[in-house]
Amino acid sequence: MQRRQFFAGMAAAAMLAFAAPGHAQAPIRIGSVLSVTGPASFLGDPEARTLRLYIDRINQAGGVLGRRLELVLYDDGGDANRARTFATRLVEDDRVIAVVGGTTTGTSMAMIPVFEEAKIPFISLAGGIEIIEPVKPFTFKTPHTDKMACEKIFDDLRKRGLTRVGLISGTGGFGASMRNQCLRVAGEFGIQIVADERYGPGDTDMTPQLTRMRNVPGGVQAVINADFGQGPAIVTRNFAQLNMGVPLYQSHGVASRSFIELAGAAAEGVRLPAAALLVAEQLPDNDPQKRVVMAYKQLYESTQNQPVSTFGGHAYDGLMILVEAIKRANSTDGTRIRDAIRATRGFVGTGGVVNMSATDHMGLDLSAFRMIEIRNGTWKLID
Amino acid sequence: MDQLLQFVFSGLTVGAVYALVALGFTLIYNASDVINFAQGEFVMLGGMVTVFAYAAGVPLPLAALLAVAVAVATGLALHRFAIEPARGANAVTLIIITIGASILIRGIAQIVFDKQFHRFPSFSGEDPIAVLGASILPQSLWVLGGAAIIVALLWLFMEKTLLGKAVRATAANRLAARLVGIDTALVLALAFGVSGAIGALAGILVTPITLTSVTVGTLLALKGFAAAMLGGIGNPVGAVAGGLALGLLEALAAGFISSTYKDAVAFVVIIAVLFVLPQGLFGKRAVERV
Amino acid sequence: MRLAPRHATLLLVLAVFAALPFLLPSSFHLRVATLVWVQALAAVGLNLLMGLAGQVSLGHAGFFGIGAYAVALGPRHLGLDPLLSALAGLVLSGLLALVVGRPILRLRGHYLAVATLGLGILVWLVLNSEVGLTGGPDGIQVPRLVLFGWRVAGAETWYWITGLALLLGVWLALNLEDSPLGRALRALHDSEVAARVAGIDVARAKLVVFVIAAIYAALAGSLLALFNRFVTPQVADFLHSIELVTMVVIGGMGSTLGAIVGAAILTVLPQALTVFHDYEHAVLGLMIILFMIFLRQGIVPGLVALLPRRAVA
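Protein chains in written order, with the working numbering: chain A, 1 to 383; chain B, 384 to 673; chain C, 674 to 986.
I should point out that these hints are in silico values taken from the structure, not numbers from a laboratory.
No experiment lies behind these values; they were computed from the predicted model shown.
Every clue listed holds true.
Each pair of labels, with its calculated beta carbon distance range:
#, chain 1, residue 1, chain 2, residue 2, range
1, B, V652, A, E117, 39 to 49 Å
2, A, T332, C, L880, 57 to 67 Å
3, A, D56, B, V514, 51 to 61 Å
4, B, L546, A, A265, 42 to 52 Å
5, A, V185, C, L912, 26 to 36 Å
Computed footprint of chain B on chain C; a stretch qualifies when at least three of its residues, placed anywhere within it, have a C-beta under 8 Å from a C-beta of chain B:
#, segment
6, 787 to 796
7, 911 to 920
Heads up, the beta-carbon is just placed ideally off N, CA and C, and yes, glycines get one too.
So here's chain A without its partners, still in its complex pose (with noise of 0.2 Å):
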């Protein structure tokens, strides 16, 4: 028992030192809970990187309100139950005045009744449609969801008129997630799924999925792999192992540079819809977003020392709506932040332009997502 009060105790003064006194220039503290480690930790890490970056950089100019801001960032491991306490922490110990953050839809959607609950907002960085539908008064996100990357997919194959397709995803909540939408609203564009194979984490060879997919009677005319990680990089090196000889889609959870990397000359032919980060370089100089996708490629490339993904990219667009609504709001109120979160309009991000809505708590349409392709290794904007 005493080793117990030990622990207990000692966990109660790791907590202690987080909790500062609240006077008057005492920093604005934002919370986040991210995957940094585990299996979602490819799109955890660089969350983390971008958020750690850009709260210094503010700092620097001067903070926020006239005041610092201070991150409390915790690290789920990808485990719901996990990022539950953390969240619990964050309202009850830290006192966070707001939250970016939540890598995957799992976690988010066991935070979400946290934060409803405290009145805090919270700006999840998952791509799960049912984070914010049906909308939560304080719950927002800044990716495109699964939903919109099976439709952009669906609407370049209709243009190419291909309609047999052949599904192959992980078993991960990102995989499973758009797996569902894409069955879903296949119909709508008169895509048929004749093949649905899936793989678990970890696993590395999917030739026996191709080679299953490749032998479905009548064929496939296109393959679409919805993953991220590692699991896309081997179903495109296989995919080219089998000579599928037919176009390969992959999802926005391969947008970046590693997934050419890792791939190899397999990725050549490769499409995918991303946002317009992957593609800063080639977009036209009157794109709105041109300017900001740019500077966060630079910032993040020349300190991180890896290339930038889109998923730091959320992370970026989160903080920055997050930290123009509490200026427009001049309060660390929840529900006054809330209200400026959603009054965002116009709001230019590495995603996409953001329009939010009391009904909208995402913001971005079809046009976000941009089709690309990978030639002669690189990305490549084709529409």
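We have chain A already, so just place chains B and C on it with the hints.
Positioned in the frame of chain A, the structure of chains B and C alone reads:
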């Protein structure tokens, strides 16, 4: 037919890696009764060290050698600083120590390296080779050949060298081995070192196909453990057979039954085999030491 | 003689349980304490299987997951009350243990470990893959528990509910240890052959404790899901199984108090370790190793072993 052959290629390549991990389990188990759940981290180290050394400009063969050295050192350190101080503790306690060690190794690796996925070039290019309508990557041949050579070398070492005989004697009966003058502490250290090397080699061979990151070890440890048990723990032949069988099972299940439940099919078969052969395919019939 | 430590354990748990709400400054701390009770409940059950009977389960989170998803799926698909769903989860979990236990408990040591590992993975796969039924990897909402018109809400309420559940679990476990079944299990732990010779139905004894441990885990799962009102398949995954085993071993196999201490450490430690930021995992791994090297019997038996010597000196 070509479909079946494609599944077999896939299963053998994946299975060869499971086999090498299972072999690492077996070596350490024989010398110490420890199920080393940090075995997957050796595979991770093999891949990650090679990736980072290669990226820093070290030629690939040298980078690979360095990775093996790091994994061997990690194996020896694991034995010296975690297993040896707990000598005499029961088997479950030692297993928990190896789980702690795997968390520790991964924790350090994600600070030293990063959290991204990586690979380095295949040894003999990327052009697939067509065989009877199926296709196989040259790197898969490297994996299969490499695994075969490692198994052969290990067999030669065990059967033909004095040190190898000492290892086998220790595995058979530790007390008797000590009585005839075998330095069992040395044998133990050797087992951890060699397991580290085998794991690292597996990681180096397979990274061009499977990619690597600091997190790949956990799942490989799980699959390698299952493979070792399927083959019968303590038997090197069983480890290799178990690994290949598990890989084939997964590929065939994914190809013919359901890609969603291929792991389920694999485990159901393992459990079914254990019902019939409670000591695994090649397990010793001896009573287990508890 | 044997009665003394048993009562001491119960009193100790009761005292801590009653005192903590006055010591903990916020509902976040109450939440962590609640998580400790829930994990401890599962660990106490697993300790009966591992510590008392000497049988390893690497798939125990599977039963935990069945309990957790029962309260999510029962109301949604069958229109059952959450409480009734929880009960159904316990029954289902116990039945699964009963059906699967008979054949797999014939396996010994590490072979049993791999069979239970497979069982846990099967449960996880179903929860993770059957998106239409379970919501898939992104998880599913759990309806609020309503007891006779009282809407159960608030961190403190859940603290008391889970704490009472744990107390009940501890009391039952301590009684079981002293029952004929407990003695039979201890005997077969030492030597199955000797136990058999002494006329103990070894297979039946193992099966009964396996079912009991599964029900403990399912109850813990139901409580966690009702408390969180959201559940993902991670509650049933391999890492959670390993975590439960680690709790039992770190606290001290065979000690009910140890299982609780182990659960407390593994639940509270990650909260304390956040001060180490990137080094969090490395420190956690290191601490597990150090605990096991210096208190190899586990924390509680290790510390107890130190006590009499001091008393004598």
